[in-house]
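Visitor: Read in order, the letters of the sequence shown correspond to residues 66 to 539 in my numbering.
Some hints here could point you the wrong way.
Here are the simulated SDA-like pairs of lysine to any residue, each with C-alpha atoms no more than 25 Å apart in a straight line [claimed, not checked]: (1) Lys163 x Trp149; (2) Lys437 x His450; (3) Lys209 x Trp99; (4) Lys209 x Arg193; (5) Lys163 x Cys151; (6) Lys209 x Thr197; (7) Lys209 x Gly277; (8) Lys209 x Leu292; (9) Lys209 x Leu178; (10) Lys163 x Ala187; (11) Lys437 x Ala496; (12) Lys163 x Gln150; (13) Lys163 x Ala312.
Cβ-Cβ distance ranges computed for the label pairs, FRET-style [said to hold, decoys possible]: (14) Trp381 x Trp198: 37 to 47 Å; (15) Leu414 x Ala129: 41 to 51 Å; (16) Trp198 x Gln428: 24 to 34 Å; (17) Ala165 x Gln216: 29 to 39 Å.
Source of the hints: derived by calculation from the structure; they are not laboratory data. None of the values given here were measured: they were computed from a predicted structure. Even for Gly, the Cβ is constructed at its ideal location relative to N, Cα and C.
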Amino acid sequence: MIIELRLALALLLPWLAGTLWLWALLPRHCRGAWPLRLGYGYLLGMLGTSLLLRAWGALGWPLAFWPLSGALLLLAVLGGLMAWQCRDLTAPLPAEDKPAPWQWGLLVLLGLLLLLRLQSLAQENLWRPLTTWDAWTIWGLRAKVWLGLGQIVPFQDDTSWLQSRDPLLYTVEAWHYPATLSFIDTWQGLALGAWRENRLGLPWLALLPALGLAFYGQARHWGAPLLGSALFTYLLLSLPLPNVHVALAGYGDLWLAACYGLALAAFLQWRREGELGQAWLALLLVLAGPLFKREGWLWLLTFAPALLWGVLSLRWRWCLGLGLILGVALWWLAGGFGLELPGLGTLLLTPERLRIPGLGELQLRFDPLALKALLDGLFFAGNWHLLWFMALFWVCARSGTIARCRALWQGGALLLLALLMLLALFILTPAAAWARDHTAVNRLFMHMVPALLFYLLALTWPAAAQSGAASSPR
Numbered sequence: 066m067i068i069e070l071r072l073a074l075a076l077l078l079p080w081l082a083g084t085l086w087l088w089a090l091l092p093r094h095c096r097g098a099w100p101l102r103l104g105y106g107y108l109l110g111m112l113g114t115s116l117l118l119r120a121w122g123a124l125g126w127p128l129a130f131w132p133l134s135g136a137l138l139l140l141a142v143l144g145g146l147m148a149w150q151c152r153d154l155t156a157p158l159p160a161e162d163k164p165a166p167w168q169w170g171l172l173v174l175l176g177l178l179l180l181l182r183l184q185s186l187a188q189e190n191l192w193r194p195l196t197t198w199d200a201w202t203i204w205g206l207r208a209k210v211w212l213g214l215g216q217i218v219p220f221q222d223d224t225s226w227l228q229s230r231d232p233l234l235y236t237v238e239a240w241h242y243p244a245t246l247s248f249i250d251t252w253q254g255l256a257l258g259a260w261r262e263n264r265l266g267l268p269w270l271a272l273l274p275a276l277g278l279a280f281y282g283q284a285r286h287w288g289a290p291l292l293g294s295a296l297f298t299y300l301l302l303s304l305p306l307p308n309v310h311v312a313l314a315g316y317g318d319l320w321l322a323a324c325y326g327l328a329l330a331a332f333l334q335w336r337r338e339g340e341l342g343q344a345w346l347a348l349l350l351v352l353a354g355p356l357f358k359r360e361g362w363l364w365l366l367t368f369a370p371a372l373l374w375g376v377l378s379l380r381w382r383w384c385l386g387l388g389l390i391l392g393v394a395l396w397w398l399a400g401g402f403g404l405e406l407p408g409l410g411t412l413l414l415t416p417e418r419l420r421i422p423g424l425g426e427l428q429l430r431f432d433p434l435a436l437k438a439l440l441d442g443l444f445f446a447g448n449w450h451l452l453w454f455m456a457l458f459w460v461c462a463r464s465g466t467i468a469r470c471r472a473l474w475q476g477g478a479l480l481l482l483a484l485l486m487l488l489a490l491f492i493l494t495p496a497a498a499w500a501r502d503h504t505a506v507n508r509l510f511m512h513m514v515p516a517l518l519f520y521l522l523a524l525t526w527p528a529a530a531q532s533g534a535a536s537s538p539r
């Protein structure tokens, strides 16, 4: 009974703290406020817990569940006080939709189907140990060492480990991978009081409904009807590949997908209504991406132009756009460029080669077999149902709406940049091997799937974006 209580606290305390702090960030009354804050609150709460463990280890304090729980409770109280100070008792509550009886029946059916699916995923999640890939050899292994020692110790490359005499220095394959997932495993292990692999996946199990709540809340806030919001949320939560990442818990792809997708939803709300809280939320989540996986830096690069574009005046936007076009033209005519970075090496980018100091050099070459495998995986494999067919058709059908709405075309440009980045990665670089053998290609495309689905929802109800854009502050 004590273990169950500790497990419940390990999930609920971060969730509560994140929700209360988010309530202070987004104090407005709006449709979908409760699910929006609950969904985002879990993601931010688990991220904050990992940062707390990181700071705890940096101070050299021993790992213990109850002192860390007390620190989380204190953070929750502080967040609650801030939320109370930011409350707006005069704001009227928004009017909610009143679905017809048949719509209520459909909503109940969708909810039951999702609960049934979550129940089957819970069985897989709770019965399986960590799978013998990166979750077992990297993220879980670091957490196991920290739990066994009772403290956070550093991991370095094998050469440094061999040359060091420090008994508390450890090494592991891919030691440079971000440690957030290891801290989440450590937090779960502290709640269990021992290393039990078949319980470490509970944060992944809770992430799926949290992602659904946040997506549904943003959809309602966007102006989508209750039934439409529920249908798109069902589409997201029923996709096979995200479900697999809940069942085979331990990887960062679902966390990164949640960060990027919910960041894009907040970005669209900001560009539509000028809500500063949504802008901060988008920035916070896109910055959190690299803490879960190294690929988060690539997604951050796709977001940076959109965020910069959103804060610049019209004149500077034209200057930026023309400067980018001129720079690409000059780069192509000159055959590339090289830049000497003091102390690091030479950054080289040509149409045939890419050299990044510290990461090595890549030969850029078009791979038609990789392109064929990539298209087969997206359109004909069983990972996505008919998502990419629907996306292609709906974007083409709504192209006129996209051009007329500021929020929609900026969000579309962001997603197009992300798509082009993935295509270039898998058909121009040695990563084409991952596309040909279908090892990493679908996992990386999963990172943008929640964002793509929310964008399709926004296209389905564009009147909300157009009315919001007309009334948004400059």
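Visitor: Hey, Lys209 versus Leu292, does the alpha-carbon distance stay inside 25 Å?
Guide: It is violated: about 44 Å lies between the C-alpha atoms, which goes past 25 Å.
Visitor: Does Arg193 sit within 25 Å of Lys209, going by the straight-line distance between their CA atoms?
Guide: Holds: Lys209 and Arg193 sit about 17 Å apart, inside 25 Å.
Visitor: Does Lys209 pair with Trp99 here, judged by a C-alpha cut-off of 25 Å?
Guide: violated (36 Å)
Visitor: Has the given pair, Lys209 with Thr197, been kept, meaning a C-alpha gap of at most 25 Å?
Guide: With Cα atoms ~14 Å apart, Lys209 and Thr197 stay inside 25 Å; holds.
Visitor: Could one say that the CB atoms of Ala165 and Gln216 fall in the range 29 to 39 Å?
Guide: violated (59 Å)
Visitor: Per the hint of 37 to 47 Å, is the separation of the Cβ atoms of Trp381 and Trp198 within bounds?
Guide: holds (46 Å)
Visitor: Holds or violated: Lys163 with Trp149, Cα cutoff 25 Å?
Guide: Violated - the C-alpha atoms of Trp149 and Lys163 are around 30 Å apart, more than 25 Å.
Visitor: With a cut-off of 25 Å on the C-alpha distance, tell me whether Lys209 and Gly277 pass.
Guide: violated (31 Å)
Visitor: Quick one, are Lys163 and Ala187 close enough, alpha carbons at most 25 Å?
Guide: violated (33 Å)
Visitor: Holds or violated: Lys163 with Cys151, Cα cutoff 25 Å?
Guide: The given pair, whose Cα atoms are some 30 Å apart, is violated under the 25 Å limit.
Visitor: For the pair we were handed, Lys209 and Leu178, check the Cα-Cα distance against 25 Å.
Guide: violated (36 Å)
Visitor: Take the C-alpha atoms of Lys437 and Ala496, compute the straight-line distance between them, and say whether it is at most 25 Å.
Guide: holds (14 Å)
The earlier numbered hints that this structure contradicts are 1, 3, 5, 7, 8, 9, 10, 12, 13, 17.
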